[in-house]
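Following the hints, position chains B and C against chain A.
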Amino acid sequence: MTLTVESIKPALALACPLIAALLILFSNRRPNLRESWTLIAGLFQFAIILSMGPVILEGKTVEFTFLTGVLPGVNFGLRVDAFGLIFAITSSFLWMLVSVFSIGYMRTLKEHAQTRYYFCFALAIFGAVGVALSGNLMTLFIFYEILTVSTYPLVAHEESPEALFAGRKYLAYLLTSGVFLLAAIALDYSITGTTDFIPGGHLTLASASRPFLMILFLLFLLGFMKAAYIPFHSWLPTAMVAPTPVSALLHAVAVVKAGVFGVVRIVCYVYGTNTMQELGLGVMLASLAAVTMIGASLFAIAQDNLKKRLAYSTISQLSYILFGVALLSPMGITGAMIHIPLHGFMKITLFLCAGFILAATGKKNISEMAGIGRTMPVTMLAFTIGALGMCGAPPVAGFISKWYLGLGAIQSGYMVFLAILLIASLLDVVYFFPLIRTAFFETMPSQELLPGDQGKTVPVFPGKHQRLEATRSIYFLMFLPLSITALLSVLFCLFPNLFYILGLARIAVREIFGGL
Amino acid sequence: MTGFVEHLPILTIVISLFSAFTILVAGWFNKKSCIFIFWLTLTAQFIMSFIILRRVLIHGPIHYWLGGWKPPWGIELVVDSLNAYILIILLFLSLACAIYSKSNIEHELPGKRVSFYTLFQLLIAGLCGVTLTGDIFNMFVFIEIFSISAYALIAARGKIALKASFTYLILGSIGTCFFILGIGCLYSVTGSLNIHDLSLLLPPFYGNKVVKAAFVFFIVGLSIKMALFPFHTWLPDAHAFAPAEISAMLSGIMIEVSTYAFIRVSFSVFTVEFLKLLPVFDILCWVAVAAILMGSVMAITQVNLKRMLAYSSVANMGYIMLAVGISLSAVESPWGGLNPALMHIANHALMKGCLFLAAGAFIYKANLWHITEFRGLARKMPYTCAAFVLAAISMIGIPPSAGFVSKLYIILASIEIKNYFFVAVLLISSLLNLIYFWRVIETMYMKHEEGGHSSHGSHGMKEEIPLGMLIPILLLSSLCIVMGIVWLGKIPIPILDQVNLMFGLGKVP
Amino acid sequence: MAEWLMTEIFTKYNYWVSILLMFIGFYAIIAKDNLIKKIIGLSIFQTAIFLFYISLGVVKKGTAPIVSEEMILKGYAYVNPLPHVLILTAIVVAVATTAVALSLIIRLYEEYGTIEESEILEAIKKEGR
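Residue numbers (our numbering), protein chains in the order written: chain A, 1 to 516; chain B, 517 to 1025; chain C, 1026 to 1154.
Please keep in mind that the hints were generated in silico from the structure rather than gathered at the bench.
Be aware that a few hints might be false.
Calculated pairs, BS3-like style, for lysine-lysine (alpha carbon to alpha carbon, straight line, at most 25 Å) [what the hints assert, rightly or not]:
#1 K896(B) x K110(A)
#2 K675(B) x K1086(C)
#3 K586(B) x K675(B)
#4 K1151(C) x K675(B)
To spell it out: a stretch of chain A is covered by chain B in this simulated footprint if at least three of its residues, at any positions, have a beta carbon under 8 Å from a beta carbon of chain B; those stretches are [claimed, not checked]:
#5 66-79
#6 187-200
#7 417-427
Across the chosen pairs, the derived CB separations fall in these ranges [what the hints assert, rightly or not]:
#8 V813(B) x I40(A): 43 to 49 Å
#9 I987(B) x A1124(C): 33 to 39 Å
#10 V813(B) x M284(A): 32 to 38 Å
#11 I215(A) x H579(B): 38 to 44 Å
#12 T65(A) x A560(B): 39 to 45 Å
#13 N724(B) x Y1103(C): 51 to 57 Å
#14 G1020(B) x D1058(C): 48 to 54 Å
#15 T65(A) x H523(B): 43 to 49 Å
#16 E889(B) x I423(A): 53 to 59 Å
#17 W1041(C) x N724(B): 16 to 22 Å
#18 L556(B) x Y1038(C): 53 to 59 Å
#19 G59(A) x E789(B): 52 to 58 Å
#20 I198(A) x R570(B): 39 to 45 Å
#21 H623(B) x S234(A): 43 to 49 Å
For each residue, glycine too, the CB sits at the ideal point set by N, CA and C.
In isolation and in its complexed conformation, chain A is listed as follows:
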C-alpha cells in the first residue's frame, strides 16, 4: 500500500498558470510585464512540481481533493503518482523554455493578438498539468476538455482561411473524441462505481462481459484522438499552420502527450495489464501502434514542408509510446513512460530549430534550406542532435527509450514486435538524414552565399559576424531554448535519472505490476 500525503502543492502547481493567465489578460498594454508573468509562473510551477519528486520517489502519492463526492465514489481531485509526475515535469519545464522562445519568435515576426496567445498558452498548460495530476477519469476529462478549448485559439492564431480551417478540423476531431471519452467514462462508472486510477486497474473480467469490455476499450481509445493514431491523425499535420511555438507545444508538451498519457492511464491504471492480456487488447493496440509507426514514417518521407514532416514524425513517435504500453511488459512500459519526456525534449529541439529558421529566414520548405548549416550552424547542430535522438542513436536520449522498448519487445515474447521496432527506426533515418544532408552538405543558392564562399563545397564554421543566429539580439531568445533542449537531450542519455525521470518510471512500473 502506498502512503498518501495530503498536500496543497498539486493545487498550487495548477494555480500558477491559471493566475498567470488572468494576470496576462490584465497586462495587455505592457508587453514586458505580460511576458514576465508567464516566466515567473513557469518557474514557480516547475519548482513546485519538482519538489514533489523526492516524496514520490519514496513510493508515496500526493493528494489534494477539490470537491468530494461529485458523484458517489468520484471526487474532483488531484493525485500525484510517479507516472503523472513524469508528465507534469515535462510539461512545466518545457513551458518555460517554449515561453522564452515565444517571446523571441512573436516579437521577431511582430505577430498580432499576442495577449490572446499568451493567455491561451497559460490556460493550455493549466489543462495539461491538470491532466497529469488528475486522480481519476472524471477530473482528467475536465482538464482534457479545457486543454482542447484553450488550444483552439492558438491553432487558429493566424486567422487566415487555412488557419481557421485547421482550427475547425482540430475542434471537430478533438471535441468529438471528447464525446466518446465522456461516454466511456460514464459507462465505466456505471459498471464499477468508481473512476479512480489504481495501479493494476479497477476493471476486471468480472466487471462486465468480454464484448462490453472490449467495446469500452475501443470507446476509450476513440476518446483519446489526441494521441494521433491512424486513422484519426490528420488533425495534427493540418494544425501545423499554427505559429511554431504552438506546434512545439502541441507536439512535445501538451496536447499529444496528454493523449498518449491518457491511453497509458487507461491501459495500466483502469484496465490493468492482466485484464488487457486476457482480453487480448494488447495485441490489438500494438497492431494499431505498429500501423501508425510505419505508416506515419512513410508519410513523413513525402513531405517537403519541414513542420509537416516533423508532424508526421511525431505521429510515428507517439505510437512508439502506445506500442511500448501495448507490449504489457515491464520494460516496454518503462520505455513508453520515459519516451514521453525524452521524445518531448528531442521534438521540441527540432521544432524550435524549425521555428528559428522560419523567423530568421522565412523558409518553410526543406528544398529551400540548402546549405543553411552554413549560416545557422549551431541551430542545425541542435537539429542534428534531435534527429539522431529520433533515430535512436546514442549519445542522444532517444537511444535510452528505444533500448527499453526493444527489451520490452523481447520480453513480451513476440519477435515480430522487435522487427517492427527496427523497421520503424530505420524509416526514421530515411526521412531525417536527407534533411541534414541538405542543410550541411549542399551548396546554398548563389544569392545567399556568404562573401568568400564562392566555389567552396566543404562547410567551414563561419565566424561570429557571419552567423545568422547572432545578427539580432532578439534571436538570442530563440537560440537559447533550443540549445538548452538539445543539450538536455544528450544529458538525458548520459544521466537518465535527470529530473528523476527514470526513477519515477521504475516506481510507476513497479506499482503497476504489483511489485514484480
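Just chains B and C now, with coordinates in the frame of chain A:
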C-alpha cells in the same frame, strides 16, 4: 399561522401587481421613475424569495390560505422546495433583465417605457403566481396573466414581431384551453380544484377514462406552452423578434415555468402511481429526443442569431423533458428522480438568459442580426463576446461549466436505465450545439471586418455597450462557470433531494 | 340501438355540442386566412369549453344558486355555482385575450395594410429578415 414569513408568498405576487399599477400611474408624471419602482419591487421580491426558501428548507412547506378560507373551498398557496427553487431562479433572471433594460429600453422601444415596465411587472406577477399557487384553476389564471403580458410584450417592436406575437397568441390560447379542459375533466370527477386535495381524491379514479383524458389534455396544453416538439412552431419567431430582455425572459423563464407547471401537474396532482400506470412518460422521452435532435439541427441552418438561439431553446426543452421522462426510473443519487431536470432548468435559465442578452447587446450597438455580420466583433465588444463564449461553452457542455454537469447527470441517469440510445442522442446533440455555436464564435473572433481592418493588436476603439447592460451579461456568464463548480460540489442538491422525497422519486430510504 | 342512441348521444348531448363547437372553432383557426376569422374561431373554441364546464354543473330541476329563505325552507335544489364562477373568470381572461388579439390585428393592418395571413407572410418574406 402566524409569522411574517407565512405571508411572503402572497406578498410576492401582490407587490408585483401593485407596482404594475404604480408604474402606470407614476409614468404619467415622471417617466424616469418607472425603472426605479420596477427595480425596487424586483429586489424586494428577490430578497423575499430567499427568505421563503430558507423557511421552506428548515420548517417545511408553507401553506397560505387566501382570505382565510380553508382549502378545498378557498384558494391556497403552497410553497415547498420545488416552488421556492423555481421562484429564486425566476426572480434572479428577472432582476438581471431589469438591470439590463434600463439602458436598452430607449433604444429598442422609444417612448413606450411606461407600458413596457407595466407589462413586464405583470409578466413577473403571473410567473410568480404560477410558481406559488396550490390551486389548479388559480394556476390557469396566472398562466393566462403572464401569457397575455407576453403577447403584448413580444409585439412591442412592431412589424414582424406583431405577426409572431399573433401566432403565439393563437397557439398559446389553444394551449390554455386544453389546460382548462383538463381542469374541467378533473373537476367533473372529483369536485375539487386544490392540487393537494386532488391528489388525495383521484386515486380511486385512476382507471377512469376521464382522468386519463384529463392528463392528456394537461400534457398537450402545457407542451404548447413550453414549446415541446411538435408544438414549438410559435417559438422561433416569438423569441427572435421580441425585445432583448423579453427574449431572455421567454427562453429563460417562461417556458421553464411551463415545465414547472408540467412537473407540478404530473407529480402533485397525478401522483407517481398514476404515471406508472400509463406509458406516457416513455412516449414523452421519445418526443423529447425528437425535440433535441430537431432543435439542434434547425439551429444549425439559421442565419439570424436570435432565431438560432430560439431553436436551441427548443432543444433544451427536449433535454428537460427527457430528464423528466426518465425521472421515474432513474433512482440513484445524485442523478435520480427529478434532479437532472431541475438542474437543467436552472442552468438553462442562466445560459440562455446570458446568450439572449448578449444578442440584444449586439443589436443595440450595431443592429446586427445575422451571424455573417458579426465579423471581427470581438475587437469592438470584447467583454460581451467573452461572455457569449462562456455561455456557449456551457451550452455545448464543456467541463467544468454548468451545462456539462446537467448533461452528465442526464447521461448517467440514462445509463442507469440502460438506455444507451439516449446517451448517444445527448452526445450527438452536444456536437450539434458545438457546430452552431462555434460558427458564431469563429465569426466574432477570427474573421476580420471587411474593408481591411488592421490586425495588429487590439488597440482599436472599443465600442462596448453601457455598463448597465454589461454587468448582467457578465454576471450571468460567469455564473455559468461558477454554478458548474457549485453543482459539482453538490451544494444545492439537498433542495432537489427534498423534491424527490416529496414526490416519492429516487431512492426510497 | 335506440337505447344506445339514448344513453350515448341524447343524454350526453351537451358534451357532443361542446365537441362540435370545439371542432368548428379549431377549424376556423387553422383553415381561415383572415385574422379576424381566426380570432372568431378562437372565441368559438373557448366558448365551447365554457359550455362544457357549465353543463357539468347542471342539477336536474335546480334553480339559480341564490340563497334565500324560501330556498332553505322548501329545500330547493340549486345548480352548482362553482363552475359558473370558474367560467366567469375564464370569460374575463378570454375577453382580455381577444382584446389583445384585436389590437394586434389593428397594428398589423397599420403596418401591412392587410389582415389576410398569407399576404402578411408574403410581405414579411419580401422584407427579408
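Tested hints:
A threshold of 25 Å between alpha carbons decides the hint, and for K896(B) with K110(A) the separation of about 22 Å falls inside it, so the pair holds. Straight-line distance between C-alpha atoms of K675(B) and K1086(C) comes to about 54 Å, which puts the hinted pair past the 25 Å bound. Under the criterion of a C-alpha separation no larger than 25 Å, the hint pairing K586(B) with K675(B) is inconsistent with the structure, at around 49 Å. Using a Cα cut-off of 25 Å, the hinted pair K1151(C) and K675(B) holds, with the two alpha carbons roughly 13 Å apart.
Evaluation of the coverage hint for the segment 66-79 of chain A: fulfilled, as 6 residues show C-beta separations to chain B shorter than 8 Å, against a requirement of three. As drawn, the segment 187-200 of chain A meets chain B at 3 residues by the rule of a beta-carbon pair under 8 Å; at three or more, the given contact holds. Given as covered by chain B, the segment 417-427 of chain A fails the check, having 0 residues with a CB less than 8 Å from a CB of that chain where 3 are the minimum. Between V813(B) and I40(A) the beta carbons are some 48 Å apart, a value that agrees with the proposed interval 43 to 49 Å.
In this structure the hint that I987(B) and A1124(C) lie 33 to 39 Å apart at CB holds, the actual value being about 37 Å. As the Cβ distance of V813(B) to M284(A) is approximately 35 Å, the hint placing it in 32 to 38 Å holds. A hinted range of 38 to 44 Å for the beta carbons of I215(A) and H579(B) is inconsistent with their spacing of about 53 Å. With their beta carbons about 40 Å apart, T65(A) and A560(B) fall inside the hinted range of 39 to 45 Å.
In this structure the supplied range 51 to 57 Å is violated for N724(B) paired with Y1103(C), their Cβ-Cβ distance being about 27 Å. For the hinted restraint 48 to 54 Å between G1020(B) and D1058(C), the CB-CB distance of approximately 50 Å keeps it satisfied. The beta-carbon spacing between T65(A) and H523(B), approximately 44 Å, falls within the hinted interval of 43 to 49 Å. A C-beta distance of roughly 55 Å is found between E889(B) and I423(A), which places it inside the suggested range of 53 to 59 Å.
Judged by the Cβ atoms, the range 16 to 22 Å given for W1041(C) and N724(B) holds: they are separated by roughly 20 Å. A C-beta distance of roughly 55 Å is found between L556(B) and Y1038(C), which places it inside the suggested range of 53 to 59 Å. At roughly 57 Å, the beta-carbon separation of G59(A) and E789(B) lies within the given 52 to 58 Å, and the hint holds. In this structure the hint that I198(A) and R570(B) lie 39 to 45 Å apart at CB holds, the actual value being about 42 Å.
A beta carbon spacing of about 48 Å between H623(B) and S234(A) agrees with the range 43 to 49 Å that was offered as a hint.
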